[in-house]
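Trainee: Residue numbers (this note's numbering), protein chains in the order written: chain H, 256 to 645; chain B, 256 to 645.
In case anyone wonders, no lab produced these hints; they're calculated from the structure. For clarity, every value in this text was computed on a predicted model and none was experimentally measured. Treat the hints loosely; a few may be bogus.
Said to hold, decoys possible - What the simulated footprint calls covered on chain H by chain B, stretch by stretch (three residues with Cβ under 8 Å from a Cβ of chain B suffice, anywhere in the stretch; the number is not a length):
| # | region |
| --- | --- |
| 1 | 300-306 |
| 2 | 331-341 |
Said to hold, decoys possible - Not close to chain H: a few residues of chain B, all C-beta gaps over 10 Å, as computed:
| # | residue |
| --- | --- |
| 3 | H266 |
| 4 | P270 |
| 5 | L357 |
| 6 | E384 |
| 7 | E465 |
| 8 | E491 |
| 9 | N546 |
| 10 | R615 |
For glycine and all other residues, C-beta sits at the position ideal for the given N, C-alpha and C.
Protein chains: 2
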Amino acid sequence: MASALDFRVTHVDGPARRGELMTAHGAVQTPAFMPVGTQGAVKAMTMRQLEDLGVEIVLANTYHLYLRPGDSRIARLGGLHRFMGWNRPILTDSGGYQVFSLAARRRVSDDGVWFRSHLDGSLHLLTPEKAVDIQAQLGSDIAMVLDECIAHPASDDEARVAMERTVRWARRGRERFQRVMESQRAPDGLLVSTPGQAQFGIVQGSIYPELREISARETVGVGFDAYAVGGLSVGEPIPLMYDIVERTAALLPANRPRYLMGTGTPGDLVECVARGIDLFDCVLPTRNARNGQLFTRQGRLNIKNAEFAEDGRPPDETCSCYTCRHFSRAYLRHLFHVGEMAGATLNTLHNLHFYLDTMRRIRDGIVFGSFETLRLEYQQTFPAEASQHG
Amino acid sequence: MASALDFRVTHVDGPARRGELMTAHGAVQTPAFMPVGTQGAVKAMTMRQLEDLGVEIVLANTYHLYLRPGDSRIARLGGLHRFMGWNRPILTDSGGYQVFSLAARRRVSDDGVWFRSHLDGSLHLLTPEKAVDIQAQLGSDIAMVLDECIAHPASDDEARVAMERTVRWARRGRERFQRVMESQRAPDGLLVSTPGQAQFGIVQGSIYPELREISARETVGVGFDAYAVGGLSVGEPIPLMYDIVERTAALLPANRPRYLMGTGTPGDLVECVARGIDLFDCVLPTRNARNGQLFTRQGRLNIKNAEFAEDGRPPDETCSCYTCRHFSRAYLRHLFHVGEMAGATLNTLHNLHFYLDTMRRIRDGIVFGSFETLRLEYQQTFPAEASQHG
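For reference, chain H alone in the conformation it holds in the complex:
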């Protein structure tokens, strides 16, 4: 089966790559950042606001949508794009990460993961095949294979067992995916919402280079449309994370996009592009916005602080976003303090603008030879600090 995913690298600067990814719902300029739309909506945003920001691709969480409103329901309503009113690309995760981090109880075996819903305690089984089926019904442009996510720290043995299981699941997931996509309509009445869906494999192996190497080799051997680096930004030291990213990216095919899952801070984006990553997602810009933390060219700004009570300046005087063009720190602080939803919206608009602007500057930097300068700027403005997976 030919890859559903067209990917062209147009410029390189060391391991950093500038490219274009073509999906069933259009192009994504890479390196790209994907805002997280957990439950079929990016928190505090409308789709129009995302479009106006220039968002090209969003991530949606399979675990949440499987539980509510259900992938079959979404499929009957015409698929996730139509359901969300979003006609640009969507990537869905496999559901695995949330099962391992959010579900009430879980039991892993080679079959899959039994878990109880964090909402109503109902019992579910997620298998590599089921993860494919759910995402086929959702109809994302990019589906992720089911992997086993382990906590940090994990022993070499724990990490090896999970990595080896992830490889076995990758084979089963890929097989199921090919059968579903070739048949268009699987025997059990599965609805395939987006025929041109692509599937990414995931490299695991925790912080152990030798496990990462085996995982990369075996996963690439399965033959996915592209590959992700999973199991990072889970509490490990930042320099170690960067080191694993660098080693793992180097093991992945140069002609396929590389996706670093659940990362990161603005500094992480720049540093991991420098190590060969093309795609990112993270809840940091949206979650921190709702908590009153804004990312600016001067660093992080906590809008709650008393010092901003009569500060008539915008959050970032160099920023051209809607929030910075129209509103003061004093107003945003007021909205936060009185609990007005508009505060969450305006802060989120700003942070997503900052993240997308960072990606634009990264892409331009790679094309015009100024990427190293940008990297130094971000190292000074955003010294290494842990981001939050989600």
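Go by the hints and put chain B onto chain H.
Mentor: Chain B only, in chain H's frame:
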């Protein structure tokens, strides 16, 4: 002093009037509906969304803004328009209604109202003069005089005492307003944020026609820029409310706009325009949106209902709003159920669009002779039902 407020009636249809109100921050086509921006933001909306909806004027609550962030702070930041990032007209209430409905404890005398903040229990005195000063510092385009708001039902005697006090307060409030506006900067260092501010008087008198008559005569005698009908939509029967509106409007100068405070349902808008009202405000479209109730041409629709779980139709198939053009009932129901803020935003966009569209249809109806037809339509679609003041 000449009126700060230019008002032209261009068409009439019985007591119904089509006109234009010119304020310090631009024109308002009347009859008009003012969305409520309690704390300096219309809940779940950005200013750009309000602009895109065609909102021409918003109401802000003096009580809330006086307590947080404070009128002096807003004045130092350049006034409420600049603070909110809203360059179109703003009307502020006097703070009285919230003091009487929301403050923890209160004691009324001829001086004013002592009350305790519902936030921190701090003690405050609101007088007719103070209400003027606060609104001068906020810098709204239209300020309301302080009135005494009483509950329904009230005896004739209770209503008379409150009405007479309201008249005495009106004289003091008007005097203070003229002194502040003429001096531009009152002796005690008050900042006048909008020099061209206008001031409306308020007719009280509960459900008693004879008290309304005295109140209207005395309040008009004071000589405000325009007049409001207060003390309605507080629980009285709808037909009685309409009757009081009709009688009171007829007592007010024809060449000045008439504002019915805190009303109402879509049906109320049409019925009260038919009785001579030009301006409305109400929390109903925004509050009900957040509770999942949508106003449509077919009546009220509760998006929470299970029947909409797989309903791919928009809330109102005849509606041209952003929400109805892009999203299904199924999606809106999902957003409501999972608690996504986007649900509140999309529902609010729709309801405000419906209210503004109702006002557009009313204005066109008056101009083109189809107002009675519209009135019959609304009587059928929205049978009399109590709205909520707030």
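Trainee: Now tell me if each hint is right for this structure.
Mentor: Structure-based check of all given hints:
For a cut-off of 8 Å, the count of residues in the region 300-306 of chain H with a CB near a CB of chain B stands at 4, and the three-residue condition holds. Judged by the Cβ-Cβ criterion of 8 Å, the region 331-341 of chain H is covered by chain B as claimed, because 6 of its residues qualify and three suffice. The beta carbon of H266 (chain B) is kept farther than 10 Å from every beta carbon of chain H, the shortest such distance being approximately 35 Å. Non-interface call for P270 (chain B) relative to chain H: holds, since the shortest CB-CB distance, roughly 37 Å, exceeds 10 Å.
No Cβ of chain H comes within 10 Å of the Cβ of L357 (chain B); the nearest lies about 14 Å off, and the non-interface call holds. No Cβ of chain H comes within 10 Å of the Cβ of E384 (chain B); the nearest lies about 25 Å off, and the non-interface call holds. The claim that E465 (chain B) lies off the interface holds: its Cβ sits roughly 42 Å from the closest Cβ of chain H, which is beyond the 10 Å cut-off. E491 (chain B), annotated as away from the interface, keeps every beta carbon of chain H farther than 10 Å; the closest lies near 31 Å.
Against chain H, the non-interface label of N546 (chain B) holds: every CB pair exceeds 10 Å, the least being about 14 Å. Remark: the non-interface label on R615 (chain B) is consistent with the geometry, its nearest Cβ contact in chain H lying 22 Å away (cut-off 10 Å).
In summary, this structure violates none of the numbered hints.
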